[in-house]
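Following the hints, position chains B and C against chain A.
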Amino acid sequence: MLEQQLLNALTLGSVYALFALGFTLVFGVLAVINLSHGAIFMVGSYAALWLVSHLDAPLWLAMLGAMLLSGTLGLLVDVLILKPLRARNAPHLTPMIATIGVGIMLTSAAQGMFGAEVLRFPEETLPAGEFIVGGVHVRALEIAIVAIAFILMAVLFTALKRTQLGRALRAIAESPKAASLLGINVEGLFHVTSFVAAALGGIAGVLIGLDFNAITPQMGQPMLHKGLAVIILGGMGDIRGALIGGLFLGFAEVISKAYLSSQMGDAVAFGLLFLILLVRPSGLFGRVLERKA
Amino acid sequence: MEWFNDFWSTYSTLVFSVGVHALLALSIWLTLSCGLLSLANAAFMGIGAYVSALLTLQLGWSFPLVLLTGGIAPAVVALLIGAPVLRLSGVYLAMATLAFGEVVRITVLNLEITGGPEGLNGIPLETEGWHIAALLALTIYGLARLRRSKVGRAFEAIKEDEVAARLMGINVDRYKLLAFTLGSFIAGVAGALNAHFTFFISPREYGFEAAVDILTMAVLGGISSLIGPLLGSSIITLLPELLRSLHDYRSFVNGAVLVLVVLFLPKGLWDPRRFRKWFGKAKGAEA
Amino acid sequence: MRFMPKSIALISALACAGVAQAADIKIGIAEALTGGAAQYGVAIRNGFQLAADEINAKGGINGNKIALVIEDEQAKKEEGINVFKKLIFQDKVLMIFGPTLSNSFFAAGPVANAAKTVVFGTSVTANGITDIGPYTFRNSVMESDVLPITVATATKHYKLQKVAVIYGNDDAFTKSGYDVFKKVLEEQKLPVTTTETYVKGDVDFKAQLTKIKGSNPDAIVCSCLAEEAANIMLQARGLGIKAPFIGGNGFNSPKLFEISKLAGEGTFVGSPWSNTNPAPANKAFVAAYQQKFGSEPNQFAAQGYDALHIAAAALKDVKLSGDIAADREALKNALPKATINGATGPFKFRPAQTKTGKPGGWDADQKPFIYIVKGGKFTLYDSK
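Chains as they are written, first to last, in the numbering used here: chain A, 1 to 293; chain B, 294 to 580; chain C, 581 to 964.
This is chain A alone, in the form it adopts within the complex (with noise of 0.2 Å):
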C-alpha cells in the first residue's frame, strides 16, 4: 500500500505545485498576492469544459483556449486594476484586498452563467488507459499531471535563467525602480508576467479539473488556500521552491491520512503554514526576495 499512497502523494503534490507556480510568479516580480489565482484557475476548468462540450474541440485546443482565457484575465487584471494602483503608489496590502473582489466576482458569474452544481468533462475526452505496474494502479493522466508540472517547471525556470527575459524579470524582482533606470520595459514585464501566471493557473485548471473531474464555481477556494501554504512553504517568489513546497505539502498530507488519520489532512497544511511563517517567514527552502524600492 505505501507505493500506491507514495504514487498518490506525487500526483496530489504536482497538482499543487503546478498551482502554485503561476501564483509564486506573480508574487516573485510584481509583489502582489494575487488571490484572484483561485477564481482564474476555476475558469480555465470552465472554459475547456465549454470548448470541448459546446464546440467539440479535441482536448489540446482546449487546454489552449483555457490558457488564452485565463491568461488574457489576468492581463486585464493587471492593467485595469493593479496598474493605476502601481500608479498611485498604493499601500502593498491594496491590490491584495482588491483581487479578493475580482475573485468573488468570477466566482459569482461562474455559478450565474453556469449554476452551482459539479460539471464534469464528457467521458469521451478523458485520456484513457490504466496500468498496473506492480500493484500500483497508475492512470495515464495522473502520469500526464505530474509530467507537465515538472516540464513546465524546468521551462519556467530555464527561462528565467537563461534568457534576456528571464534576465530582466529577475531584475525587476529585485528592483523595479533600478529596472527601470536600466532601461527594462517594466510595465510591460508586468503585463507578460500576469498573463503568463495567469495562463499557468489557467491550464492548472484543466489539467486538474480533467484529473478529479469535478468543476465547480467554488472549486479554486481551496485550491488558494493550499496553493498559500504551498508558496509560502517553498518560499514565496521562489519557482523551484513551488515545486517542492508542493511536493512536501501533497506528502506530508497523503502520509498523515495515510498514517495518522483522515481527519488531519487539511489540520497538516494549515497547522504548517501556521508554524513555517512563525518559525521560519522565509520559508523551508527558499529565500524570500527582500526588494528595495
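Watch out, some of these pointers could steer you wrong.
[Claimed, not checked] Computed Cβ-Cβ distance ranges for the label pairs, DEER-style:
hint, chain 1, residue 1, chain 2, residue 2, range
1, C, LYS742, B, GLU405, 21 to 27 Å
2, C, GLY937, B, TRP301, 33 to 39 Å
3, B, LEU418, C, GLN933, 21 to 27 Å
4, C, LYS935, A, LEU260, 32 to 38 Å
[To be verified] Which chain B residues face chain C? A few, computed with CB under 7 Å, are given here:
hint, residue
5, ASP299
6, THR303
7, THR306
8, PHE492
[What the hints assert, rightly or not] Below, simulated DSS-like cross-link-like pairs (lysine-lysine); rule was C-alpha separation at most 30 Å, straight line:
hint, chain 1, residue 1, chain 2, residue 2
9, B, LYS452, A, LYS83
10, C, LYS638, C, LYS863
11, C, LYS763, C, LYS954
12, C, LYS736, C, LYS769
13, A, LYS83, B, LYS570
14, C, LYS606, C, LYS896
15, C, LYS835, C, LYS863
16, C, LYS841, C, LYS872
17, B, LYS560, A, LYS177
18, C, LYS638, C, LYS672
19, A, LYS83, B, LYS560
20, B, LYS452, A, LYS177
21, C, LYS739, C, LYS755
22, C, LYS896, C, LYS645
23, C, LYS672, C, LYS928
If you are wondering where the hints come from, they were derived from the structure by calculation, not from laboratory data. Predicted, not measured: the structure shown is a model, and the values here were computed from it. Every residue gets a Cβ at the ideal spot worked out from N, C-alpha and C, and that includes glycine.
For chains B and C alone, coordinates are given in the frame of chain A:
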C-alpha cells in the same frame, strides 16, 4: 403603533445584524488603525460565539457574564498567539492570521463539545436590541477616546511608519499586541451577541468568507475615522436585502464594490478630506 | 427599506381576481432558491407549486384557494430568520414550509415556534429538528429510520463480514448520517475495518481509498453527497477496489449515475421515495411533474408535493375563522392527525422523541424503499 410593532417584529433581526456587523467592522478598524492587516477577526468572533453559547447551554451563566467571557476568551487567545504572529508584517501577517483562522475552524469542526459540523442549536434568545445598542455606543465612545489618547497617536505613528515610530521610542510590539487583543475582544463580544439571537451557530460561519466580509465592511466605509466602518457595515448588511432580485449575481456586486472602492475611493466612502476638498472647491467656484 | 416583493403583489392580484367570498389561504414557502443548496430548494418549490395547482384546480380546500408566498432563504441562517419573520408578521401566512437545510431550520424554526406558527420541514433530516417545539413538523424521513433497514438488507444480500466507512466530516448532513451509520453498525455487530473522512471541496480521495483497500472490507459504507459519492466510486474502481457501496440519503440523486456510470453497480440505498414505485398516487405525480416542468422529479420535489397535500388534508377539518392566531393554533392541533397516501407512499405523523423530555413536534412515520443499483439505475430490491 401597530404598524411599528409589525415592522419591528419583521426587521428586528436585520437591525440586530447591522449592529453586530458594526462591532465587527470596528474590531478590524482597530487593528487596521495600527497598520495590521489581520484576517483572524472572523475566528475570534467564532471563539466568542462558541464559548458564550456553551456557557449558556451547559452552565446556564447569566447573560452579562456570558458576554464578558465571550470577549475575554478570544482576547486570551490573541495574547497568546500575538507575540509570535505580530512579528510578521504585511502579507505575511495576513497569511498567518488566515492560517490561524483555518486552524480554529478545523478544530471546532473536529471537537465533540462544539457539535462538530452540526454546530450548536437551541441557543436561547438572550440578546435584546438595547444590549447591542449600548455595547455599540460604548465601543464607539471608547474607540473615539482611544484615538485621541497617547495610545491612539502611537497607533497612528506605527501605521504611518513603523521604523520611525520605533526610533521615536514607541514600544511598537506592545502597541500592536494591544490593538490585536482589543480587536479580538470586540469581535468576540459581537460573536456572543450574534449567537444569542440566531439560535444556532456552526463552524462554516466563521471561515475565510466571513473574514473577507468583515474586511470589506471596513475598507468600503473607510478607516480614516470611526464613521467609515459604521457606514460600511450598514451598507454590506442592507445591500443584499436591496439586491434580492439579482439572485446569483448578488455576490458579484459585493466583489465589484470591493474592487471599485479600492480603485476609485482609496480612503473608502467616508473620507473627510475628500469632502473638504469638494466643499472647498464648491466655495471657490462661488467666490 | 424593502420594496414590495413581487410575490405579495401577485397574491393581491390573485385575491382580487379570485372566487367571490372565499378567502385565500396564505402559505409561506421559505426555501434556498439561490446559492449552493438551490438544487434542492428549487425542486422542493416545484413540488409545492404542482400540489397547489392541483388543489386549486379541484376547487381549493373547502372552497378556499391556496396562495403560496415564496421567499428565498439562501440557506443562510440570518436570511432564514429574516424571511420567516417577514412571512409570519408581515405577510401573516397560516403556516410555513421550509427551510431547505437543517442549519437554517435550527435558526428559523424557533422564530416560528415562538410565534405559535406551524413550521413544516420537507428536507431536514438532522436530529433535534422537532425538539424545537410543538409547532415543528417534518415529513422528511430521518436516517435513523432508513439506515438500519438498508444495512440489514445489504448484509443479508452480500453476506457481509466487515465493512469500511467513509464520510464528509465538515458537513452537517453527511456527519449526522455517519453518526447513525456508526450506531447501526454497532447494533448489527458488523465490524468496521477503518473509518475515513474528507472535507467539502475535496476531490481527491485516493489516499483514503488506498487505506480502505488495504483493510480489505466486504463493502464500503458511505455517508456522502451524491457528487462526492460518485467521485469516490470512480476513484475506488480506479484503485482496483471491487467492494460494493452502501449509501445514505445523499445517494438519492440521478447525479450519482450521470457521473459514476457503472462504477456504482451493486450499491444499496434506502430512500423515502422511488420514481419506479407503481402506486397510482406516485405515477400521477411523476407524470404531472414531467408535464409541468419538463424534467424528472426527485425525492425533494416528491416530499414537497406530499407535504402540501398533508397540510391540505388537515385543513379540510379546520374551520378558518379569519383570526390568524386562532387559525394557526387550529391547524397545529389538526395537523398531527393528518394522513395521506401520496407520492412517497402512506404517510402519518408520530410524536418526536425529544432529548429534553419537553413536548416536541412531529416526525414522519414512513417506511423507506430499499434499492439496489443495476445497470446504472436504482431498482427496487427484491429479496428473492
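Structure-based check of all given hints:
1. Between LYS742 (chain C) and GLU405 (chain B) the Cβ separation comes to about 26 Å, which falls inside the hinted range of 21 to 27 Å.
2. Between GLY937 (chain C) and TRP301 (chain B) the C-beta distance comes to about 34 Å, which sits within the given range of 33 to 39 Å.
3. Distance hint for LEU418 (chain B) and GLN933 (chain C): a CB-CB separation of about 25 Å, consistent with the stated range 21 to 27 Å.
4. Checking the proposed 32 to 38 Å range against LYS935 (chain C) and LEU260 (chain A) shows it holds: the Cβ atoms sit about 33 Å from each other.
5. Taking 7 Å as the C-beta cut-off, the interface hint given for ASP299 (chain B) holds, the closest approach to chain C being about 5 Å.
6. A hinted interface residue such as THR303 (chain B) counts as satisfied when its beta carbon comes closer than 7 Å to some beta carbon of chain C; here the least separation is about 5 Å, so the hint holds.
7. Checking THR306 (chain B) against chain C by beta carbon gives a least distance of about 5 Å; that is within 7 Å, so the hint holds.
8. Because the smallest distance between the Cβ of PHE492 (chain B) and any Cβ of chain C comes to about 5 Å, under 7 Å, the interface hint for this residue holds.
9. At most 30 Å may separate the alpha-carbon atoms for a hinted pair to count; LYS452 (chain B) and LYS83 (chain A) meet this at roughly 24 Å.
10. For the given pair, LYS638 (chain C) sits about 19 Å from LYS863 (chain C) by alpha-carbon distance, which is consistent with the 30 Å threshold.
11. This hinted pair checks out: LYS763 (chain C) and LYS954 (chain C) have alpha carbons roughly 28 Å apart, not beyond 30 Å.
12. With a C-alpha separation of about 13 Å, the suggested pairing of LYS736 (chain C) with LYS769 (chain C) holds against the 30 Å cut-off.
13. For a cut-off of 30 Å, the pair hint linking LYS83 (chain A) to LYS570 (chain B) stands: about 26 Å separates their Cα positions.
14. For a cut-off of 30 Å, the pair hint linking LYS606 (chain C) to LYS896 (chain C) stands: about 15 Å separates their Cα positions.
15. A hinted pair counts as satisfied when its Cα atoms are at most 30 Å apart, and LYS835 (chain C) with LYS863 (chain C) qualifies at roughly 22 Å.
16. Our distance criterion of 30 Å between C-alpha atoms is met by LYS841 (chain C) and LYS872 (chain C), whose separation comes to about 28 Å.
17. This hinted pair checks out: LYS560 (chain B) and LYS177 (chain A) have alpha carbons roughly 26 Å apart, not beyond 30 Å.
18. For the suggested pair LYS638 (chain C) and LYS672 (chain C), the alpha carbons sit about 25 Å apart, so the restraint of at most 30 Å is met.
19. Only pairs whose Cα atoms come within 30 Å are accepted, and LYS83 (chain A) paired with LYS560 (chain B) is accepted, the gap being roughly 18 Å.
20. Simply put, LYS452 (chain B) and LYS177 (chain A) have alpha-carbon atoms about 24 Å apart, close enough for the 30 Å limit, and the pair holds.
21. Note on LYS739 (chain C) and LYS755 (chain C): the hinted pairing holds, with a Cα-Cα distance of about 27 Å set against a maximum of 30 Å.
22. Taken as a hint, the LYS896 (chain C) and LYS645 (chain C) pair is honoured in the structure, with Cα atoms around 12 Å apart against an allowance of 30 Å.
23. Using a Cα cut-off of 30 Å, the hinted pair LYS672 (chain C) and LYS928 (chain C) holds, with the two alpha carbons roughly 27 Å apart.
Every hint, counting from the list given before, is met by this structure.
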